[in-house]
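First to last, the protein sequences are chains A and B.
Sequence positions in the first sequence follow the numbering used here and run 498 to 640.
Sequence positions in the second sequence follow the numbering used here and run 126 to 638.
It is possible that part of the hints are untrue.
[To be verified] To give an idea of the chain B side of the interface with chain A (calculated C-beta under 8 Å), a few residues:
id : residue
1  : ALA301
2  : ARG319
3  : LEU350
4  : ASN471
5  : ILE472
6  : ARG513
7  : LEU516
8  : THR519
[To be verified] According to the in silico footprint, chain A covers these stretches of chain B (three or more CB under 8 Å from chain A):
id : region
9  : 189-196
10 : 307-318
11 : 338-349
12 : 437-443
[What the hints assert, rightly or not] Label pairs and their in silico Cβ distance ranges:
id : chain 1 : residue 1 : chain 2 : residue 2 : range
13 : A       : TRP581    : B       : PRO260    : 46 to 52 Å
14 : A       : ARG553    : B       : LYS374    : 53 to 59 Å
15 : A       : TRP516    : B       : ILE325    : 17 to 23 Å
16 : A       : ILE545    : B       : THR141    : 50 to 56 Å
17 : B       : PHE542    : A       : TRP609    : 57 to 63 Å
18 : B       : LYS264    : A       : ARG553    : 55 to 61 Å
19 : B       : ILE602    : A       : ILE512    : 30 to 36 Å
20 : A       : TRP516    : B       : LEU600    : 51 to 57 Å
21 : B       : ILE265    : A       : TYR537    : 27 to 33 Å
22 : B       : ARG621    : A       : ILE545    : 33 to 39 Å
23 : B       : LEU593    : A       : LYS635    : 24 to 30 Å
Just so you know, the hints here were simulated from the structure itself, not pulled from any lab data.
As the structure is a computational prediction, the values presented were derived from the model and not from experiment.
Glycine included, every Cβ here is placed at the ideal spot set by N, Cα and C.
Each chain is listed here by its residues.
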Amino acid sequence: MSDRIFGGFGLVLAIFYIWAATIIKDSFMVDVVGPRAFPYMVGTVLAICSIYFIVRPDDEPAWPAFRKFAEIVFAAAVMLLYAWALPEFGFLISTVFATAYLTWRLGTTPLWSLVTGVLTSGGIYLVFHLILGLSLAKGPLGF
Amino acid sequence: MEILSLLAGGFAVALTPENLFLALMGCFLGTLMGALPGLGPANGVAILIPIAFSLGLGPTPSLILLTSVYYGAMYGGRISSILLNIPGDEPAMMTCLDGYPMAQQGKAGEALSLSGIASFVGAFVATCGLVVLAPQLVKIALLFGPAEYFVLFTVAFATLGGITSTNQAKSAFAAALGLGIAMIGSDSQTGSQRFTFDHIHLYDGIDFLIAIVGLFALSEVFIFLEQHKGSAAVSSGPPKIGRILPDLKILKRCVPSISRGTALGFFSGVLPGAGASLGSFLAYSLEKQTVDRKGETFGKGDPRGVAAPEAGNNAASGGALVPMLALGVPGSGTTAVLLAVLLQLNITPGPLLFTKNPDVVWGLIAALFIGNFMLLAMNIPLVGLFTRVLLIPTRILMPVVAMISFVGIYSITGSTFDVMLMVGFGVAGWILRKLDVPLVPVILGILLGNQMEVNLRRAMTISDGDWLTLVGSPLAIILWIIAIAGFVLPMIYGRRMRARMESSRQDDEFVGD
């Protein structure tokens with residue numbers, strides 16, 4: 498069933514892709530094939546494979562139970578939040594909390610998670626910023 | 126002779142203090158990443174690319190650093206296979222079969238040093254093979270026109286699923302997905318905006334590094350979160366190793382096994398669609414058939430069963446560099462990531478690389494020779510150091526991996542949008558892995574998509590719109606035959622091969638090799 502849903506999704510994606518290819522505007526430069534031919538080919542392959550998934554689905558993969566599924570969704574949300582927080586609060590502060598969340602969810606006790614967060618954040622800041630000179634996100638406080 | 130003088134020039138490049146230091150760092154980090162379950166060569170190199178790039182290293186130093194990581198990871202994979210029966214990366218799977226029983230008999234040290242020597246011989250011979258074979262392949266590649274290149278890229282995609290693929294439609298879907306993503310941005314030929322929907326962040330297309338780090342490194346973090354595997358690979362103290370040096374007698378008995386494994390591994394590395402995992406699998410099976418027909422000692426701690434697959438997988442990783450450097454077409458996940466390194470540094474791999482940037486190619490090859498000796502030194506006397514790494518619990522390791530991925534991408538793009546896009550790729554990678562869709566073709570599609578299209582359009586411009594030009598030369602026809610055979614054969618034999626590989630060892634999923 499998962500493969501069928503995936504195939505359906507792929508088919509929608511393929512149709513959308515081919516439609517999006519039809520609206521590519523020509524520029525003043527032209528060549529024989531044009532900018533649309535290759536995307537049409539790619540879209541067609543996507544569509545054929547998707548139809549194959551619907552007709553001949555594989556065995557059902559082992560999907561996680563609802564709780565673990567929520568785990569993934571929350572982790573992704575925390576990572577997105579982290580990306581948003583980087584320029585707002587700076588690297589050091591954001592990384593402490595993002596690391597603490599991830600290590601907590603992987604089984605560290607809450608207090609130790611915070612310690613791990615502080616150590617990871619500080620360690621990365623030391624190695625990558627102070628020693629190697631990479632530019633990390635600067636918050637209002639300058640770090 | 127010409128090759129030797131070029132190689133001498135390469136050693137002059139590689140022996141500068143900076144490059145030697147980078148090779149040493151790369152070998153160390155690589156062995157570390159190979160040893161840790163969950164961080165394979167592809168992930169390891171992927172998270173280091175943006176960092177090498179934002180450090181402002183030149184092309185040759187970055188390549189030396191990252192290929193040393195690649196070689197090092199191939200060495201490191203065996204450590205946890207032997208000590209814990211958990212392969213550090215996919216090609217090290219076969220090493221578990223006899224390595225772990227040896228460790229249980231208290232011969233872990235012998236197994237580690239024997240496999241270290243086998244790895245060294247495999248990698249050394251393969252690097253020699255690279256020196257000899259790559260320039261020959263370049264001569265053939267110089268005959269290629271745009272039409273042949275288009276077909277060559279098709280060959281790469283058709284064979285990438287490999288002989289072990291069970292569902293070719295999924296490989297094809299993955300490749301098309303990657304090619305589709307590569308089309309986003311302004312068209313290189315006419316400048317039209319494609320698939321950008323007037324969104325300013327998409328005008329330059331999607332940076333392949335974002336896709337690679339997201340798909341490889343972050344999806345791994347999600348897999349760990351889902352399985353809730355947070356503990357260390359070993360819980361009670363560093364594993365015991367025992368005596369380190371093997372008997373000369375045992376070593377002598379393994380010489381033929383190592384030679385056979387090396388030869389088989391090198392060829393499966395060079396051939397499209399095989400790669401290191403198949404190399405070590407073939408080396409092990411052949412060895413079992415030649416020296417232990419009745420199945421008396423193999424699987425019970427036979428040293429030859431450790432030496433052959435390790436020689437095979439390291440030889441294959443050297444062999445895989447041949448098509449990557451000479452043709453610009455990688456055959457495995459990790460070499461695809463190395464291709465990304467070249468593209469990021471604005472170096473176009475392929476035949477012209479050998480004429481235009483000989484210092485890069487030969488400096489890299491010389492660095493591989495030097496790195497190999499460093500790895501031998503690190504992996505035999507110092508192996509105890511790396512076994513301690515296995516004490517780090519993944520609940521601490523994986524968040525660190527995630528954060529370093531973020532640091533790398535943020536430091537080269539400096540954009541929140543790109544970091545969010547990387548998270549998106551991470552989630553997509555997790556879903557695709559669950560559905561058994563391979564990720565390597567997606568990456569390769571993103572990397573090669575534009576070149577593939579450009580070659581198609583050039584060929585069509587030359588032929589004035591005649592599509593028959595794609596089958597217009599004997600070379601192109603041969604390539605089509607390889608592509609079709611490479612795509613169709615796994616449909617017939619794929620399931621059987623996969624079943625055989627899995628029956629010899631049931632294990633977790635891995636990204637590429």
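Hints, one by one, checked against the model:
no.	hint	verdict
1	ALA301	holds (4 Å)
2	ARG319	holds (5 Å)
3	LEU350	holds (5 Å)
4	ASN471	violated (20 Å)
5	ILE472	violated (22 Å)
6	ARG513	violated (18 Å)
7	LEU516	violated (15 Å)
8	THR519	holds (7 Å)
9	189-196	violated (count 0)
10	307-318	holds (count 7)
11	338-349	holds (count 4)
12	437-443	violated (count 0)
13	A/TRP581 / B/PRO260: 46 to 52 Å	holds (51 Å)
14	A/ARG553 / B/LYS374: 53 to 59 Å	holds (55 Å)
15	A/TRP516 / B/ILE325: 17 to 23 Å	holds (22 Å)
16	A/ILE545 / B/THR141: 50 to 56 Å	holds (52 Å)
17	B/PHE542 / A/TRP609: 57 to 63 Å	violated (34 Å)
18	B/LYS264 / A/ARG553: 55 to 61 Å	violated (44 Å)
19	B/ILE602 / A/ILE512: 30 to 36 Å	holds (34 Å)
20	A/TRP516 / B/LEU600: 51 to 57 Å	violated (37 Å)
21	B/ILE265 / A/TYR537: 27 to 33 Å	holds (32 Å)
22	B/ARG621 / A/ILE545: 33 to 39 Å	violated (25 Å)
23	B/LEU593 / A/LYS635: 24 to 30 Å	violated (58 Å)
In this structure, the hints that do not hold are numbers 4, 5, 6, 7, 9, 12, 17, 18, 20, 22 and 23, in rising order.
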